[in-house]
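Student: Sequence:
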Amino acid sequence: GKTCAFIDAEHALDPVYAKKLGVDIDALLVSQPDTGEQALEICDALARSGAIDVMVVDSVAALTPKAEIEGEMGDSHMGLQARMLSQAMRKLTGNLKQSNCMCIFINQIRMKIGVMFGNPETTTGGNALKFYASVRLDIRRTGAIKEGDEVVGNETRIKVV
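Here the sequence shown is numbered in our numbering, starting from 94 and rising by one per residue.
Honestly, the hints are just simulated from the structure, not real lab data. Even glycine gets a Cβ: it sits at the ideal position worked out from N, Cα and C. Each hint should be verified, as a subset may be incorrect.
[Claimed, not checked] Dumping the calculated BS3-like pairs for lysine-lysine here, alpha-carbon to alpha-carbon at most 30 Å:
(1) K190 with K205
(2) K159 with K252
(3) K205 with K113
(4) K223 with K252
(5) K112 with K205
[What the hints assert, rightly or not] Here are the computed distance ranges between Cβ atoms for each label pair:
(6) Q131 with S227: 35 to 41 Å
(7) S227 with M204: 34 to 40 Å
(8) I206 with K239: 33 to 39 Å
(9) A144 with G241: 26 to 32 Å
(10) K190 with V254: 37 to 43 Å
(11) G164 with K95: 37 to 43 Å
(12) Q191 with N247: 32 to 38 Å
(13) H170 with P108: 15 to 21 Å
(14) H104 with M195: 22 to 28 Å
(15) M166 with D107: 24 to 30 Å
(16) M204 with H170: 16 to 22 Å
(17) K184 with V244: 38 to 44 Å
Please construct the entire structure, taking both the sequences and the accompanying hints into account.
Tutor: Okay, structure coming up:
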């Protein structure tokens, strides 16, 4: 019923699988940007348009800054993604509020190296998303749902963090 956009930064959207999950592929607006800046500009433009109800960015880890894409393999780009996200979230937050649009950022977990105490898990992209998010969910697959030998779904655990 709502107008939805999917920003596929990973370039991994499987329309057949999405359709099985109940996604109306024909009505879904899909974008596959080349850089993180491009993806976030698309998000901002969609939010400002007021034409979108739900927007999904898949995934934060794939939002690679243009400087990193154009640079050499060994170049250091520490904090570039975090700065890009921080700047984008400052712009995007107000536009999302004004247009009453929900934006879902999918992220991945990474392991912090050398953590002796506390949680060794962290998410990519710095602290901007943690700060600007109204709700953060930790979703983990806990098992498979089977009908006979065929896997028909996934059991998941969802925790509000």
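Student: Take the hints in turn and mark each one as holding or not.
Tutor: Structure-based check of all given hints:
1. K190 with K205: violated, 33 Å
2. K159 with K252: violated, 33 Å
3. K205 with K113: Judged against 30 Å, a Cα distance of about 35 Å means the pair is violated.
4. K223 with K252: holds, 15 Å
5. K112 with K205: Violated, at about 36 Å.
6. Q131 with S227: 35 to 41 Å: violated, 25 Å
7. S227 with M204: 34 to 40 Å: Violated - the Cβ-Cβ distance for S227 and M204, about 27 Å, lies outside 34 to 40 Å.
8. I206 with K239: 33 to 39 Å: The hint (33 to 39 Å, Cβ to Cβ) holds, given that I206 and K239 are roughly 37 Å apart.
9. A144 with G241: 26 to 32 Å: violated, 44 Å
10. K190 with V254: 37 to 43 Å: violated, 22 Å
11. G164 with K95: 37 to 43 Å: holds, 39 Å
12. Q191 with N247: 32 to 38 Å: holds, 36 Å
13. H170 with P108: 15 to 21 Å: violated, 32 Å
14. H104 with M195: 22 to 28 Å: With Cβ atoms ~23 Å apart, the hint holds.
15. M166 with D107: 24 to 30 Å: holds, 29 Å
16. M204 with H170: 16 to 22 Å: About 20 Å separates the Cβ atoms of M204 and H170, which means 16 to 22 Å holds.
17. K184 with V244: 38 to 44 Å: This hint holds: roughly 41 Å between Cβ atoms.
The structure is inconsistent with the numbered hints 1, 2, 3, 5, 6, 7, 9, 10, 13, although it conforms to all the rest.
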